[in-house]
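There are 2 protein chains.
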Amino acid sequence: MKLDVVLRAEDVSPENLKGKTAVAIDAFRATTTVITALEKGCRAVIPVLSVEEAEKKREELSALGDEVLIAGERKGLKIPGFDLGNSPREFKEVFLKNKIIILTTSNGTRAIHGSEGAERILIGAFINCRAVAEVLASKGEDVVFVCAGRLGEFSLEDFLAAGAVTHYLKKRAERSLEISDLLIAAEKLFQCTKEDLPGFLGTGKHGKYLREIGFPQDIDHCCALNTSDIVPEYINGVVKI
Amino acid sequence: MKLDVVLRAEDVSPENLKGKTAVAIDAFRATTTVITALEKGCRAVIPVLSVEEAEKKREELSALGDEVLIAGERKGLKIPGFDLGNSPREFKEVFLKNKIIILTTSNGTRAIHGSEGAERILIGAFINCRAVAEVLASKGEDVVFVCAGRLGEFSLEDFLAAGAVTHYLKKRAERSLEISDLLIAAEKLFQCTKEDLPGFLGTGKHGKYLREIGFPQDIDHCCALNTSDIVPEYINGVVKI
Chain V
0 MKLDVVLRAE DVSPENLKGK TAVAIDAFRA TTTVITALEK GCRAVIPVLS
50 VEEAEKKREE LSALGDEVLI AGERKGLKIP GFDLGNSPRE FKEVFLKNKI
100 IILTTSNGTR AIHGSEGAER ILIGAFINCR AVAEVLASKG EDVVFVCAGR
150 LGEFSLEDFL AAGAVTHYLK KRAERSLEIS DLLIAAEKLF QCTKEDLPGF
200 LGTGKHGKYL REIGFPQDID HCCALNTSDI VPEYINGVVK I
Chain G
0 MKLDVVLRAE DVSPENLKGK TAVAIDAFRA TTTVITALEK GCRAVIPVLS
50 VEEAEKKREE LSALGDEVLI AGERKGLKIP GFDLGNSPRE FKEVFLKNKI
100 IILTTSNGTR AIHGSEGAER ILIGAFINCR AVAEVLASKG EDVVFVCAGR
150 LGEFSLEDFL AAGAVTHYLK KRAERSLEIS DLLIAAEKLF QCTKEDLPGF
200 LGTGKHGKYL REIGFPQDID HCCALNTSDI VPEYINGVVK I
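Protein sequence lines correspond, in order, to chains V and G. If you read the first sequence in numbering that gives the first Met the number 0, its first letter stands for residue 0, the second for the next number, and so on. If you read the second sequence in numbering that gives the first Met the number 0, its first letter stands for residue 0, the second for the next number, and so on.
Rather than coming from a laboratory, the hints here were simulated on the basis of the structure. Since the structure is predicted, the reported quantities are computational estimates derived from the model, not experimental observations. Any given hint might turn out to be false.
Copies of the same chain look alike in the list, so a pair counts if it works inside one copy or between any two.
[Stated by the list, open to error] Here are the simulated DSS-like cross-link-like pairs (lysine-lysine), alpha carbons at most 30 angstroms apart as the crow flies:
id	residue 1	residue 2
1	LYS96	LYS56
2	LYS138	LYS207
3	LYS19	LYS207
4	LYS193	LYS207
Build the full structure now, drawing on both the sequences and the hints.
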């Protein structure tokens, strides 16, 4: 079972993904938000790339009688006119049961779309990293972690979350794992920092930015290990449990 | 003082390097070999990209009366007909005083050439990482670590050596450092693994390969921290102290 990681959504190519399981990761915050929303009972999350697409999709689904919320951020802040931003804590506070969420974010939705071409696309974050490892182990397919990155750059938290899943996979040790050097680095780094992820990730660019724009508690929420056992999957444009 | 890292020689661009100090790193083994050779008293190392270039340069310099050795590897092994391979331990055992070495390797010489365009190009490895940090601190210019990578892929040891230099720079703490997220990861990883670098790097692809082809002791030599105080510089095609 081969495991590799791609550092930015931009770097992924369909040939990289063919026949493999992709794990899309945007730990701060899109994939954490998706998992949190599905935990709260929403029916599905539809990741889209643009604000216009989100609004159009809402009209379409509302016309079909679905209960729809649009959510998302630009520069970390809620998009004007949207129901929700991209803070997972917001999603904990609203009634989501059976609703559909249409989500557009700067990086995470691109990681999910960029994973198209893989055999299977799972949604990963720190909050479900052990559960993702369980699913990967049960499938036994080769894996590519698709880190969203941040505005085209490396993202410390996504890299570390890929390391976290790898860490739990290694602990199971049921299969022989062929781990790429980048992922060896990520896994070791997770081992060294797992006792204080918010402290370590708070030194990174995105951690600093989230504090600056008023979301310091999101860092704690996003860094809480294994608070969720669900592993959402993206199939035909829709993320569901 | 901004610090960043490029993971493969292929990824560097002149715009990245303008006005900055580049530190070319191929810890396993080319830059370690260059430092070792200069420690042993050789006059200069000339990194070239091809076997043909090495042979031509030797003829040219020999005709001028210089004492010249040609050295290098392909697939880790000494090039047929060459005086030396790319094992730093070989260079410790031969008489090098005042000789010129022409070196061609699979990755390291490309990292050095790829750094052209920088204000200054230093040669770094684990064996001189503290000394490199001292020079960087004294200059105060922005820094890009140019990791050679390995056959176009990420190299665990080069990444970690960039983290090692950053670690010693941070310890000096004389200047405010703006460290990129990738380099934050590398520095932390170095902190966590520095007590057993050969053990950790032996789990990487290149470490395994060096053992396979009969150079296990090179790993120890290349991982020995701060055994050298020299910081070679590449100027006009030539590496010298």
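As a check of your reading, is LYS138 near LYS207 (CA-CA no more than 30 angstroms) within one copy, between copies, both or neither?
Intra 37 angstroms, inter 28 angstroms, cutoff 30 angstroms: inter-copy only.
If the cut is 30 angstroms between Cα atoms, do LYS19 and LYS207 qualify within a copy, between copies, both or neither?
So LYS19 and LYS207 pass the 30 angstroms test across copies only (25 angstroms; inside, 34 angstroms).
Pop the pair LYS96 and LYS56 into one bin, within, between, both or neither, using alpha-carbon distances up to 30 angstroms.
Answer is within; shortest intra-copy Cα gap is 19 angstroms, inter-copy 74 angstroms.
Checking an output row: LYS193 and LYS207, CA cutoff 30 angstroms. Within, between, both or neither?
Result: close both inside a copy and across copies, 19 angstroms intra and 27 angstroms inter.
Going through the hint list in order, the structure satisfies each hint without exception.
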